[in-house]
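The listed protein sequences derive, respectively, from chains R and C.
For the first sequence, numbering that gives the first Met the number 0 assigns the number 0 to the initial residue and increments by one for each residue that follows.
For the second sequence, numbering that gives the first Met the number 0 assigns the number 0 to the initial residue and increments by one for each residue that follows.
Fair warning: there could be bad hints in the mix.
Claimed, not checked - Here are a few chain C residues that face chain R, going by a calculated C-beta distance under 10 Å:
# : residue
1 : Ser91
2 : Asp143
3 : His150
4 : Leu288
Claimed, not checked - One-sided excerpt, in silico: chain R residues whose CB lies under 10 Å from chain C:
#  : residue
5  : Leu11
6  : Gly14
7  : Gln19
8  : Ala59
9  : Glu93
10 : Arg96
11 : Val237
12 : Val241
Simulated from the structure, these hints should not be mistaken for laboratory data.
In this text, a Cβ means the ideal position worked out from N, Cα and C, and glycines have one as well.
Chain by chain, the residues run as shown.
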Amino acid sequence: MSLARTAADTRLVFGRCLRQTLRSKVAVVFGALQPLLYLVLFGPLLSRLVDVRGFGAGSAWQVFVPGVLIQLALFGAGFVGFGLIAELRSGVVERLRVTPVSRTALLLGRVLRDTLIVAVQAVMLVAVGLALGLRAPAAGVAVGLLFVVSLAAAVASLSYVLAMRTRSEDAFAPLLSAVTLPLLLLSGILLPMSLAPGWLDAVSRCTPFRYVVDAARAAFLGDYATAALAEGALVAAVLLVVSVWLGARRFRAENA
Amino acid sequence: MIEARGLARTFTGKHGRVEAVRGVDLSVAPGEIVGFLGPNGAGKTTTLRMLTTLLAPTAGTATVAGRDLRADPGGVRRRIGYVAQGGGTDPSVPAGEELDLQARLYGVDGRAQRIAELCARLELEGLWDRPCGALSGGQRRRLDIALGLVHRPPLLFLDEPTTGLDPQSRGNLWEHIRSMRAGDGTTVFLTTHYLDEADALCDRLLIIDRGRIVAAGTPAELKRRVAGDVVTLQLADPSGAARAREALSRHRSVRKAVAAGGAVRLTVEDGERQLMSLVRTLDAAGVELASLNLARPSLDDVFLTVTGRSLRDAA
Ligand SMILES: Nc1ncnc2c1ncn2[C@@H]1O[C@H](COP(=O)(O)OP(=O)(O)O)[C@@H](O)[C@H]1O
Ligand SMILES: [Mg+2]
Chain R
0 MSLARTAADT RLVFGRCLRQ TLRSKVAVVF GALQPLLYLV LFGPLLSRLV
50 DVRGFGAGSA WQVFVPGVLI QLALFGAGFV GFGLIAELRS GVVERLRVTP
100 VSRTALLLGR VLRDTLIVAV QAVMLVAVGL ALGLRAPAAG VAVGLLFVVS
150 LAAAVASLSY VLAMRTRSED AFAPLLSAVT LPLLLLSGIL LPMSLAPGWL
200 DAVSRCTPFR YVVDAARAAF LGDYATAALA EGALVAAVLL VVSVWLGARR
250 FRAENA
Chain C
0 MIEARGLART FTGKHGRVEA VRGVDLSVAP GEIVGFLGPN GAGKTTTLRM
50 LTTLLAPTAG TATVAGRDLR ADPGGVRRRI GYVAQGGGTD PSVPAGEELD
100 LQARLYGVDG RAQRIAELCA RLELEGLWDR PCGALSGGQR RRLDIALGLV
150 HRPPLLFLDE PTTGLDPQSR GNLWEHIRSM RAGDGTTVFL TTHYLDEADA
200 LCDRLLIIDR GRIVAAGTPA ELKRRVAGDV VTLQLADPSG AARAREALSR
250 HRSVRKAVAA GGAVRLTVED GERQLMSLVR TLDAAGVELA SLNLARPSLD
300 DVFLTVTGRS LRDAA
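Just chain R, with the same shape it has in the complex (with noise of 0.2 Å):
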């Protein structure tokens, strides 16, 4: 299968599944809507505390904003694998594998396509942040969103291993929130893990998100040289890269 080929069936299916998105827009505003509310209704109580040890320089939106992102990037990409298991029993799937579509395209299309949905919705939340008290460096805000999209695509891919694998709502939804909370609430999402005792702060550095985030709070901060970002940009890079393998894979084989 050539490059060329898999490049022109991922926009095939990236135009397919971008319409169908836009098809239920209320979709795409219902998939903010949670991290906008914590945003909004939560920003302003932290942003009180401005002072409190463990926020470091900056203001308390600095630190706060990239948190949202990166539960934003976490929810609306966890939850795409809802989409292909009602794929999956409509026989969509099925349809397109028997053409000779690029096994990888099937899936690199779906996470573009989840990628770019959360960039927009990420843009959304940055200028409420903005218009909420957000100041923050262009370039480091733009480092911040480049953590968030592929933060978004590593997520969007494991969500659609998971569904291939369950292939049932019932078995997939629990499994998601099974995973999802825990990984959000110990990647410091909404306080920063220097808050955290030792034991918590450790089993915190157990899990990836934990260097996204703080990877895209330093870029917010405009704290480019330094170790938490290169740590961030590192694991993001092989989150990214090990997910979408584990992705093509799961639809590349027989069964998918």
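Dock chain C with the ligands against chain R, hints included.
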């Protein structure tokens, strides 16, 4: 068009091992409409999914549309169309979009023209913007078939094409399938658990039960081979029954003759052709005939004979 040897598939899952298909040999010639007839769970879908590259066989080999199934699955995919048992459209996607995407994925030249031609042939005009979920059962089935045909495959697989359709839509779909073969010479391999469909539509049948092919032939051959026709002769005078039975049982086509009441019931090879001769035999014996009835064995009789069960019960 299809050559399969020893095709087998075993599923291993939570509930143990299921030998869904246990060594199927089959040959399909170009231009044939071949039916795979068997009850639910016989292994029809599993066989079709293997032949269409969706499922790797645990054993066996096959050449499909001139390409080796294992060595060149991509080549097979380009040359076949497949319509799954439950279809393959997204309820929220407009019919036209599905057709357009399918044509693009196959890289069809003259896409718009090909789609227009298919829509005209399969009575799908005017449904371009209609979401697939809002189509009638028959329309959706025809759309599924259009999707399978968009790249002009020489071989089309249809898994239970008329299940769930009303009688009128079924008849209509049979017409479309026949005209596909007549127009483009498309080879059709379909599965069904309907006896009337197997009988009316297929040139040749493979009867599958519990993962094995238990009989094969044209519908007429199968029926002839297994059962013979039943001829019932009602006599004008019941007292002549014994004499009539005696005379008829010596006729060369009669396998079995039973006198019951005022009638003689015969099992006859090729009954239709023998009717005149049977009547003459009766005449020569001086027995007067009141009425005559010829009953063909059904495919169900065939299934009953080879499996010991009725297809209606098994399904
Ligand atoms: N993916 C699967 N996993 C486990 N068992 C399966 C699977 N697909 C089919 N089977 C089993 O294989 C047998 C044949 O099924 P199938 O080929 O669908 O029959 P048919 O199409 O003739 O009704 C059935 O017993 C079915 O339960
Ligand atoms: Mg079936």
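Outcome of the hint check:
no.: 1; hint: Ser91; verdict: holds (6 Å)
no.: 2; hint: Asp143; verdict: holds (8 Å)
no.: 3; hint: His150; verdict: holds (8 Å)
no.: 4; hint: Leu288; verdict: violated (57 Å)
no.: 5; hint: Leu11; verdict: holds (5 Å)
no.: 6; hint: Gly14; verdict: holds (8 Å)
no.: 7; hint: Gln19; verdict: holds (7 Å)
no.: 8; hint: Ala59; verdict: violated (42 Å)
no.: 9; hint: Glu93; verdict: holds (6 Å)
no.: 10; hint: Arg96; verdict: holds (6 Å)
no.: 11; hint: Val237; verdict: violated (31 Å)
no.: 12; hint: Val241; verdict: violated (25 Å)
When held up to the earlier numbered hints, the structure conflicts with 4, 8, 11 and 12 and fits the remainder.
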